[in-house]
Amino acid sequence: MEAFVSRAVSAARDRYQARIILHAPASAAAGRVPPAYGTVEPIDDATCLLRTGADWLGGLAVYVALIGFDFEVLEPPELIDQVRVLADRFSRATLTS
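According to our numbering, the stretch in the sequence shown is residues 5 to 101, in order.
In case anyone wonders, no lab produced these hints; they're calculated from the structure.
Just so you know, these numbers come straight off a predicted model, no measurement behind them.
All C-beta atoms in this analysis are idealised placements derived from N, C-alpha and C, irrespective of residue type, glycine included.
No false leads were slipped in.
Derived CB-CB ranges, DEER-like: (1) Leu90 with His27: 17 to 27 Å; (2) Thr98 with Gly72: 11 to 21 Å; (3) Gly35 with Leu78: 20 to 30 Å; (4) Tyr41 with Leu90: 16 to 26 Å; (5) Asp48 with Thr100: 34 to 44 Å.
Given only the sequences and the hints, what does the whole structure look like? Please build it.
In structure tokens:
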């Protein structure tokens with residue numbers, strides 16, 4: 005019930021709804037994702053599904069990266085594009101002369 009309420013509140017509050025696979029057990033990810041920021045559902049012993057949302061895709065992309073696990077964005081497509089843009093930007097930021 006708590007997960008349903010959290011998703012409903014996020015859907016009403018946030019412009020973008022995201023589904024993201026985290027490469028971590030649900031028990032590990034749940035400790036890093038406060039209920040107000042999303043829900044974590046187990047997929048198997050090594051991965052879980054994060055449902056979260058935000059009004060700003062850049063902030064959402066950085067937030068997911070800072071959770072601390074490898075991840076795959078399933079949706080929305082705009083978030084996939086934003087992650088690619090940030091990956092390129094971060095890559096360029098580490099180039100040395």
